[in-house]
Each structure stands twice: as C-alpha cells, then as structure tokens.
Amino acid sequence: MNNKFQSPQQFFRQRRLRLGVVLAVLLVIYFGSVAIVNFQTLTSLAQVPAGLIWLFKNFVPTDRSITYLGPILYQLWRTLIVAVSSTVCASILGLIFAILGAKTTSPTPALRWIIRFGASLLRNIPVVAWAMILLFSFKQSDFTGFLALFFMTLGYLTRAFTETIEDLDGEKLQALQAVGANYFQCVFCGVLPEVASTLTSWVLYMIENNLRDATLVGILTGTGVGFLFNHYFKQFRYDAAGLIVLLIAILVILLELTSTQIRRAIA
Amino acid sequence: MIENSQPGSKPLQPAQPAKRISLLTKPRLILRAVLLALAVITVYSLATLDTANLKFGEAFQSLGANLKSMFLQPSVGQDSWGLLLRALATSVGLAMLTTLLGALFAFFIAVFSARNLAPSWLATSIKAVMAFIRAIPTILWVLIYSVVMGLGANAAVVGLTFHSIAYLVKAYSESIEETSSDTIEALKASGVGFWPIIFQAILPSIIPALLSWTFIRFEINFANAVAVGAAAGADDIGYYLFMASGFYFNFHEVGLIVYLLLGVAIVLEVVSMKLRGHYLKKN
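Protein chains in written order, with the working numbering: chain A, 1 to 267; chain B, 1001 to 1283.
Worth flagging that the hints you see were computed from the coordinates, not collected in a lab. A hint or two may mislead.
Stated by the list, open to error - One side of the interface only, derived from the structure: several residues of chain B facing chain A at Cβ under 8 Å:
id	residue
1	Pro1027
2	Gly1093
3	Met1096
4	Ala1153
Just so you know, even glycine gets a beta-carbon here, dropped at the ideal spot from N, CA and C.
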C-alpha cells in the first residue's frame, strides 16, 4: 500500500466513499433492470418456498413413473453419446484450427485473424439460433442436435485450445527449430505431447457442458431426452418429468466425478 | 564435427547396453485409454445416429442458402426496430438482475460452505445441495418455476437466479478457501468477530477473483436469458428469435437478431477485459 493518505481517518473516509459509490451503482443497475424486465422482487421471492414445496409434491417419481423408465434411459443414453460425439468431432477440427491459429505455431498472421474471428462468431451465435436454423434444414433428427452442439463446441474449443498452445513455453519450439526440425515435427513432437493432457481436460469439460445444453437443444429441436421431458411436462405428467430431471442430475454428477478423477490421473 | 567437450575429459562411453526407458508412464496410459474410449463412443454414436433419411447434399445446400439470407440480407421482418431493441434491453436486464441477485445470495451461502470458515459438516452438505442444483440444466429450473408462477419474467428471473447461485457458491467458496488459514487464525486469536473477519480480511483479498467469476457468470446468464426467452416466453430477444425462426421462418430477421446479440457479446468482451485489467493493475 503506497502512502498517499495523510491519516488513517482519510484512508477510511476514502474507502467508505468508494464503497458507497459502488453500492449506489449496483442499486441503480438493479432497479434499472427490475424496471426493464418488469420483475416483482418481493412477490417472486415470496413464492420461492411455495414453488419448492410444489416441486417436491409433484415432481417426486411414483410407482407409475417407473414404467416410463425404459424410454427415458434409452433417450438419456442417446443424448449422452450425441454430447460425446459432437464434442470429440469438434475437438478434432478445433485442434487443427488451433494449431493454425495459435501465435506460436501459426503459418501466417492472416490465417490467425480469420480463425480468431470465425471461432468468436461460432461462439456468440446463441444455441437457440443454431438449433432453429439447423432444424429448418435437417428436420427433426438426432443429427440436428449433433450439429447444433458441434458448431457451438467448435467455437469454444478452438479458443481454449489456441490459448493453451499459446501458453506453452516458446523456448522449446525454438530449441526444436534450432536442431533442424521442420514444421510438422515441431507440432507433432513438440507441441502436441506437451498440451495433450490440458486439451483432454478441456474436452471432458465440454462434454459435461454439452450434456447440459443437449437438454435445451432437445427441447427446441425435438430430439433426445429434452424432447421427452417437454413431452411429459406439457402433458402434466410431472412425475415422469421429475424422474427425467433426477436422472439428468445423477448423470451430470457422475460425469463430473469421473472427469475430475480422470483429470487428476492424467495431470 | 563439433567439439564441445572440455579439454582433458574422456569421451563418454556407454558402460552397459542402455536400458530401454518407456515413455508410457501411467498418466500417459490413462490418457490414451480415455481418448480411445471417447473415439469408440464417437464412432458408435455416428454409426447409429438417427438421420431420418436426410439427403445431406440438399440439407447442406438449404443450410447455406439460409445462412446467406441471415448474414447478407438482415432485416427487421414483421417486428420493428424499437421492439427488438427493447427486447434486447430486456435480455441484458434479465442477465444483470439474475447475476446481481445470484451474487448477493451466493456470497452469504459461500461463507458457510467454505471449509476454513464453517464446520465441515455444514460445508459438505451445502456443497452437495449446490452440486445437485447445478446438475439440473437452467432451462429445466425455468420451466419448473413457470408452472408455479406462470409464464413470464418472474419465473425466468427465479429460474436463472437458482442456477447462478449454485454456480457462484462453488466459485466463491473455492476463492474463500484460498485465503490462508493463518490469517483467519491470527484474527480469531486477537478477538475479531466472524463478520468483521469476512468483510475486512477475506473480502478485500479475493475481490479480483469474485469479480472475474461474477463476470463470467454474467456472460453465461446473458446466453441463458436468450435461451430461456425462447422456451419460457419471457418477453425478451430470445422469444423474438424463436418466433422468427420457428414460426415465421423469416431468416432475415434471425440474421438481424444474431447481429444484435453479437454486438452485445463484443461489448461484454471489451468491458470484461477492461475490468480485469483495471483490477489486476490495482492489486
């Protein structure tokens, strides 16, 4: 702390002033958003406990919902493998883009900017737009969900992979170049083995994320477990919908635990 | 031949036949196994993917045509500029509101779920509940609350806030746990109370981490707000996006909305960079 305050009192006054300004700005933002969104803070918050009670009453799976278990588990499995395969396909393409686009391994700066821009475009088109555009061309099939997840993941992974490769120590590459390794030897023997475990943890993270997004994509495009949830939910069969929610939560938690274990093992 | 050995030293001779060193350490083996498993699942999934007898050539052609009408000829369609901009403001407002509410609640819950502040049983049980809430996708929370509160903004806010809280509690409590326990011990020993320790010692040291997590969550919430509008009918940009693409098939309007969202995303990116730069410099 530099000594620009003459007395402790002045320091504390300054601090209180700054805190007040920050709080005032936050309050303005809050009430501004409340006005725009038309949100009733107190009535809504008061309804939260009632909502939770309603949730526990209606969403608890009953004996009847066990009969739906077969199709639910099948769709959950389909959703899981679509999430995995879209991530893996996107990661292969993303790795190629990242190698071409990272500062340390890029052949030309022009390519770097094109890849940067393309990845940011893919990332920022909302998943709703992807789902709806693809639904129009690819109809109601698993492939639509696959492509929607694929494009989104490609944007994210290209950026993550690029940053991982750029974080790599440049001296190793210089050493390899100094002993006469060509471009491909540099990439395949110098860069890839070094970043493999970090990239794999990114892939695992994206699989978790995609499993969650797959539900939304499923609701919009009518595929997978999201469609099944929407179907039961709109027919007021809440016990079956609750069973789906429970199973999704269990699957996501299991996936999280597995990928944490894997990440620890390969680090 | 390059000579770089020091004068007088004997040339090195391998004493015994060199032992083979395996490059496959245990982490490498596990890595390969994981990649192999992922590859197998992918191949199986792609082979059994239900494509509903699509003609891929035609489908990709129509996709190309749609993308062209989206990005090259954007227009407002049957809605007006005023309506779309107001809806965009609603989405941004929704994201800000849920992030602020989420951050406020999450901070106080995080205090009780940090292992160095709260008893271990409390921390563990709060973390388990939060992991469960986090595991359920945001959109399902919004749909569930839209039944209790009716469709609209209130359900969207509560649903988004729920997931934000669960996400931020994890991030915040991990940041709090990084504070060294020596500091807390020392303050406790000199008789400082529970809340003063938090606000005078812990909070100032973790503000950059909190800020960057909160901002990440704000970006996620903005994306979620758009998605939620489409599925739960809060009157925001996601709703118009859904209507334009799913009901009117007006891809020119979809293009315009995507451009608006890209604009917001770029602004957010710049703000987050500035904010982080400002705080990193100060600390």
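### Query
Does Gly1093(B) pass the interface check with chain A, least Cβ-Cβ distance below 8 Å?
At 4 Å from the nearest chain A Cβ, Gly1093(B) passes the 8 Å test, so the hint holds.
### Hint check, Pro1027(B) versus chain A [nearest Cβ-Cβ separation less than 8 Å]
It holds, given that the least Cβ distance between Pro1027(B) and chain A is near 5 Å, below 8 Å.
### chain A contact restraint on Ala1153(B) - CB to CB distance below 8 Å
holds, 5 Å
### Message
Interface hint check: Met1096(B), Cβ to nearest Cβ on chain A, cutoff 8 Å. Holds or violated?
### Response
holds, 5 Å
When each numbered hint is compared with the structure, no violation occurs for any of them.
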